[in-house]
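Student: Here's the letter readout for the chains.
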Amino acid sequence: MTRGDDNGRGPHPDTIAGIVLLLLSALGFWLTTGFREVPAMLSQNVPPTFFPRLVLGLIAAGGIGLAAGGLRAPRLELSRLRPLVFVTAGFVVLVPFAIMLLGTLATVFLVSLGLPLLWNERRLRFVVPLALGMPAAVYLVFTVALEVRFPTGLAATLFG
Amino acid sequence: MGLPGLEFAAAVFTDPAVIGLIVVGTLVGVVVGALPGLSSSMAVALLLPFSLYLDPIPSIAFLAALYCAGTFGGSITAILINAPGAPPAAATAFDGYPMAQKGEAGRALGTATIASVTGGTISVLVLLFAAPLLARVAYSFGPPEYFALAVLGLSMLATISGEAKLKNLIGGCLGLLIATVGIDLTTGVDRFTFGVPELLDGIHFIPVLIGLFAVTELLTQAQHLGRETRVVTLAALKLPSLADIRGVFATILRSSGIGTFIGILPAEGSTVAAMIGYNEAKRWSKRPEDFGKGAIDGVAGPEAANNAATGGAMVPTLALGIPGSATAAVILGGLQVQGLRPGPYLFEEQPALLYGIFFAMLLANALFLVIGLIGAKVFSRLSLVPPALLWPSVLVLCFVGAYGLEQSMVDVWVMVAAGVFGLALKRYGFAAAPIVMGLVLGGLVETSLAQSMIIFDQQWSGFLGRPIALVFFVLALGGIAGAPGVRLLRALRAR
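Chains as they are written, first to last, in this note's numbering: chain A, 1063 to 1222; chain B, 127 to 621.
Some clues are possibly wrong.
As the list claims (entries may be wrong) - Partial selection, computed: residues in chain A whose CB lies under 10 Å from chain B:
id, residue
1, Val1117
2, Leu1120
3, Thr1169
4, Met1196
5, Val1210
6, Ala1218
Claimed, not checked - Which bits of chain A does chain B cover? Going by a derived footprint, with three or more residues having C-beta under 8 Å, they are:
id, region
7, 1097 to 1105
8, 1108 to 1114
The set of hints was computed from the structure by calculation and includes no laboratory data. Remember, it's a predicted structure, so these values are computed and weren't measured experimentally. All C-beta atoms in this analysis are idealised placements derived from N, C-alpha and C, irrespective of residue type, glycine included.
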């Protein structure tokens, strides 16, 4: 998944990764400037910025090394991600919203039904029992046995 | 480790519930290992939140059994469908699958089982004796030594994969950076919290692990969906003969030693051990030309090594608090969440827990001897479960596990972010294991460095006066610069 064909047209993936890491380090360093200052006496001369900045410096150095290595390396382009990867990622990102809106058990049902259908699984004799069985299993194991209190969702609050 | 610990552990392990948990852990481990895409690291990460509902000993025993069995389970699909269920089984596929194609699947699986059990058992015995010895040495360690040891552990990330040395080191640093989120313990200043109160306690590592190991793999599966696998039928389980076992016995013993040693090295895990075990089996073989075409030593070597690495990896994890592998890092995190302090003092404070882990790993090895020899045919059918039905269940477990830990939606968001971020990292060649290692070690690294700097009055040169720390630093430097240095020397000599 990580490597594609040779003779890519754009910059080497390592160069891109190196630059992103440098930008991340710069952003991180800027964020450390916003940390509350404390007297040297209290911090015992080890301020709260000391360790994060040290690590950010190492990441930046690594980023430079990676970018430089990418410039010297033969051209390479990453293989393309299938649209299904982006759709699945979108689906995963939507799940927490669904939990907050519909509640956990309804979301578990939707995930167990929706993801197989999204991944082109059309054998409903397998999909439907999975979609019905998963919320039941989650309820029995986690809510009843382990006493986990799952969010019931806005819908339950409004109509409950 | 005193006798009272042994007595207490014996009492715990006569409890049918604990035995049952270890059996369940072993079964789940073999199932997870046998399912392509699911690894023991992922399984331990996914089940860690639920194990926290148990007492420490059953909880860690369950995870340890899962770890051992998950490493073995990967060999089933490696042999039958040429798709290693877990990365440590990759080397097993080199000769296991050709054996299966020749109609010797049962012989390959039987050899893998016996090699795994032997390797695993030898390493647990080494763990039983080596861990307390190492812990005794570690009693004399102060913050500078611990900092140097953690640096050594992180530097070993560079040797996990020759191609991605720098990326592994950067990954380790990213893990360290994530570990700085929250309140600084020395000054009480909040760092990288962006005004979110739930982040004041820091980013809990379990949602990050679940995201990096499971959600990222789910997205990766979406990329590979629809690939056809050819399953080799296992009509009859023809076990290896006594002559077979006699023939590979030396390989099994050698690989068990190699695997245990590799496992003890911080950060090195079963995958590296398996590759070295395979190469050494080939190097010592009288017929190296048969390797890759179905050599029985090519199955025994990596299988003994990768299982031996599980016990080996627990040695630094328990004795020093420095994980020996990615899965051991997750177990280390589990110990921390249970309120235990991994390291030499664990041997004084929780001897029963340590005996518990030893017993659990030994029992797991004995169990997968039975499972491997009798149940291989059943477990091989697991590879036929369509990903489109398997992964929704994994995704549900991810969300439930991430939420169940603290019953907080912030953890769920952290998991989703880690999963998507993990996909981007994986695409650019960054592995999850170094990030996990950095994240788990983050607290130790920062605290021990801060304490060292206070002891040394802000002078880095203070480390020069600590010989043990210096040795660790030199080893770390050797790990990072060793291979490039050798290459440079060779190039200079060639000129």
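Student: Indicate, hint by hint, whether the structure satisfies it.
Tutor: Right, here's what the structure says about each hint:
no.	hint	in the structure
1	Val1117	holds (5 Å)
2	Leu1120	holds (5 Å)
3	Thr1169	holds (8 Å)
4	Met1196	holds (5 Å)
5	Val1210	holds (5 Å)
6	Ala1218	violated (15 Å)
7	1097 to 1105	holds (count 5)
8	1108 to 1114	holds (count 6)
Comparing the model with each earlier hint shows a violation of hint 6 alone; every other hint is respected.
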